[in-house]
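What follows is each chain in one-letter form.
Protein chains: 2
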Amino acid sequence: MKEEMIVTPWEVKGEIDYNKLIEEFGIKAIDEALLNRIKKHTKDLHYMLRRKIFFAHRDMNWILDEYEKGNKFFLYTGRGPSGKTHLGHLIPWLFTKWLQDKFGAKLYFQITDDEKFLFKEKLSLEDVKNYAYDNILDIIALGFDPKKTFIFSDTEYAKTLYKEAIRVAKHVTYSTTKAVFGFKNDSNIGQIFFTSMQAVPAFLESLKAGKNVPCLIPLAVDQDPHFRIARDVMPKLGYYKPAVIHSKFFPGLSTVQKMSSSQPFDTIFTTDTPDEIETKVMRAFTGQQATKELQKRLGGNPDICAICQYYYFLFEPDDKKVEEIFEKEKKGKILAGEHKKDLAERVVKFLEEHHKKREKARDMVEKFILRD
Amino acid sequence: MKEEMIVTPWEVKGEIDYNKLIEEFGIKAIDEALLNRIKKHTKDLHYMLRRKIFFAHRDMNWILDEYEKGNKFFLYTGRGPSGKTHLGHLIPWLFTKWLQDKFGAKLYFQITDDEKFLFKEKLSLEDVKNYAYDNILDIIALGFDPKKTFIFSDTEYAKTLYKEAIRVAKHVTYSTTKAVFGFKNDSNIGQIFFTSMQAVPAFLESLKAGKNVPCLIPLAVDQDPHFRIARDVMPKLGYYKPAVIHSKFFPGLSTVQKMSSSQPFDTIFTTDTPDEIETKVMRAFTGQQATKELQKRLGGNPDICAICQYYYFLFEPDDKKVEEIFEKEKKGKILAGEHKKDLAERVVKFLEEHHKKREKARDMVEKFILRD
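Line order of the protein sequences matches chains V and A.
Residue numbers for the first sequence, in this note's numbering: 42 to 413.
Residue numbers for the second sequence, in this note's numbering: 42 to 413.
Here chain V stands alone, though its shape is the one from the complex (with noise of 0.2 Å):
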């Protein structure tokens, strides 16, 4: 029997069916109409908008058509601090990098320390407080514009968020996130009230700005309620609705499932080192056959191989490149020891550079830092 699925900010479980999430969230499908569209300002697609890796959205058109009309837009996405950077976490900010490049976007990057603290019962707010430092790291490693990047904690920032944040309150009641939530009697009042605080840095430009600006708001969808409730609320304070575009989770090394930290063996971490990194890799699930004669013979999944997902996922932009893996692993032309080993290599190589870039950030904090 299959696990039914689950999809909320703070639990992700079961096999995802992503063209039910759209319809279960009324988000919209990424369509080849859409995509051109993006092109026409873009000049080339990033793999992950051609390869569906962010599958829907809503209102793009919409961020088009301000766009278009010379109304430029401004990115917000954000972290919750609750752990170190693994690779999935890199999925959306990559791609945000890429929207930033791409459009000259501000970018509002949220850390959700706030959160973290009130959802996660054994993190202390300095523990939470620590890994944000931590995955700042991680962000500014990446390469963002330091001239139109914008990142703050909950906390740090709370005299401009939290004084937005309860505009924002006084329109969502307690059934509202009881629904999008499935908030309890025995949540916490911190839990229920966060909504609001996410909310806030889809305006902070046009607060900021003195005039109403489009947000676009990159992320992995299961932080879409949260917005579905912002978008219900910034129009009665004279805002645009944010648009949002999603991304598909980043498979597990164990499983093909969401990446998750509470599992060691199933997560690749930023700061891994190479014998780390080969351990894990070497661990995955591939799903071959069970022996290396019957793996030549019959051949692989690469939908359920954990190493073919990564190369699509991360580590292979090329399109050609990640249908020949796929190809190999269909017809058994690779064995499971080769395959990690190729993908081990390509991974090391990735966060050896992401390391020293990481180094390289220490210094460079204060200049990302937004504050009161």
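The set of hints was computed from the structure by calculation and includes no laboratory data.
Among these hints, one or two may not hold up.
The list treats identical chains as one, so a pair stands whether inside a single copy or across any two.
[Claimed, not checked] Pairs of lysine to any residue residues, derived as SDA-like cross-links and limited to a Cα-Cα distance of at most 20 Å, are as follows:
#1 LYS110 x LYS362
#2 LYS163 x PRO276
#3 LYS170 x LEU278
#4 LYS161 x GLU205
#5 LYS204 x ASP413
#6 LYS110 x THR83
#7 LYS161 x LEU278
#8 LYS170 x LYS200
#9 LYS84 x PRO358
#10 LYS408 x ASP316
#11 LYS225 x GLY373
#12 LYS398 x GLN141
#13 LYS161 x LYS204
#14 LYS277 x SER228
#15 LYS93 x TRP139
#16 LYS390 x ARG324
#17 LYS170 x THR312
#18 LYS200 x LYS249
#19 LYS163 x GLU205
These numbers come from a predicted model, not from an experiment.
Given chain V, put chain A in place with the hints provided.
Same frame as chain V, but now just chain A:
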């Protein structure tokens, strides 16, 4: 049929039975033993204690135990800026000033602009901010020690308050706020969160001092429910439970119930002109007999006479003189017109003095405001 008594921080209705409140809230009546113990330190007793206008408490004996051990307490009280200051607001503030003087105590004075914005549908954040400034002038005019008094509004001091409020919120479930405040599904999520913000000043001095400091909160009894929650949570955060001392409600002019600024003739604002004051006092309810002759023969009832109650609560600190006034009323020796004229003179005189101090307060605001 009597109207049912309702006492919450946002609604006071019906005839108030203070004995019943003591029972329902689980607070303790102030008795002679406690008064004597306080008097040991203060030499004299404030008339609000002698008359049991401050009538109940939580843990006052513990506060005195600590004080006697050399562990001084700090004071915390507040104001919800939903309108102009009226005479009723002065009751706990004047008493708080007396406590500050007698015990040399620091005072944290919270202006809950967030609360009033969240609970008053028609008030904008800009409205409550204007009222906040207006109210702060009245507070300062009462003569608090600028070196020991720290006034702050929740939205302006949010950088400090929010991150402490979420520590409280993590320990408070929706169930609890439902039971304590009567929240419903259509309560907004800012209202539900708010009690966390009201808890924080009860440990602000401990935060700043870096050690546990006892806190005493003088308040009107309708605010007690917040501190039932705070007293439950604070030991979990490593702080003492705050002690509380509760006042009765200042009577309205038209019926002897809690004064309410939503009925303009029921209320004297601190900014009223002599003409306005006279008009309001002359319209007050005295409960005297239908004719002068009947009044002279049968007398009146000071307990339902707004004029008598005004002397009792605010305009005659001398107990003997209050007794004389009550006697005259009881025995029909004073008629409504004269009774009112005397009081109006006192109120005008009091507020003329207050207006002067209030104008001077404009230049002193910055000395009192606490900033992050």
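Here is what the structure says about each hint:
no. : hint            : verdict
1   : LYS110 x LYS362 : neither (38 Å within a copy, 78 Å between copies)
2   : LYS163 x PRO276 : between (37 Å within a copy, 18 Å between copies)
3   : LYS170 x LEU278 : between (31 Å within a copy, 18 Å between copies)
4   : LYS161 x GLU205 : between (25 Å within a copy, 17 Å between copies)
5   : LYS204 x ASP413 : both (12 Å within a copy, 15 Å between copies)
6   : LYS110 x THR83  : within (16 Å within a copy, 73 Å between copies)
7   : LYS161 x LEU278 : between (31 Å within a copy, 17 Å between copies)
8   : LYS170 x LYS200 : both (17 Å within a copy, 15 Å between copies)
9   : LYS84 x PRO358  : within (16 Å within a copy, 82 Å between copies)
10  : LYS408 x ASP316 : neither (33 Å within a copy, 60 Å between copies)
11  : LYS225 x GLY373 : neither (50 Å within a copy, 61 Å between copies)
12  : LYS398 x GLN141 : within (19 Å within a copy, 56 Å between copies)
13  : LYS161 x LYS204 : between (25 Å within a copy, 15 Å between copies)
14  : LYS277 x SER228 : between (27 Å within a copy, 18 Å between copies)
15  : LYS93 x TRP139  : within (15 Å within a copy, 69 Å between copies)
16  : LYS390 x ARG324 : within (19 Å within a copy, 86 Å between copies)
17  : LYS170 x THR312 : within (18 Å within a copy, 47 Å between copies)
18  : LYS200 x LYS249 : both (14 Å within a copy, 19 Å between copies)
19  : LYS163 x GLU205 : between (29 Å within a copy, 17 Å between copies)
Hint violations for this structure: numbers 1, 10, 11, all remaining hints satisfied.
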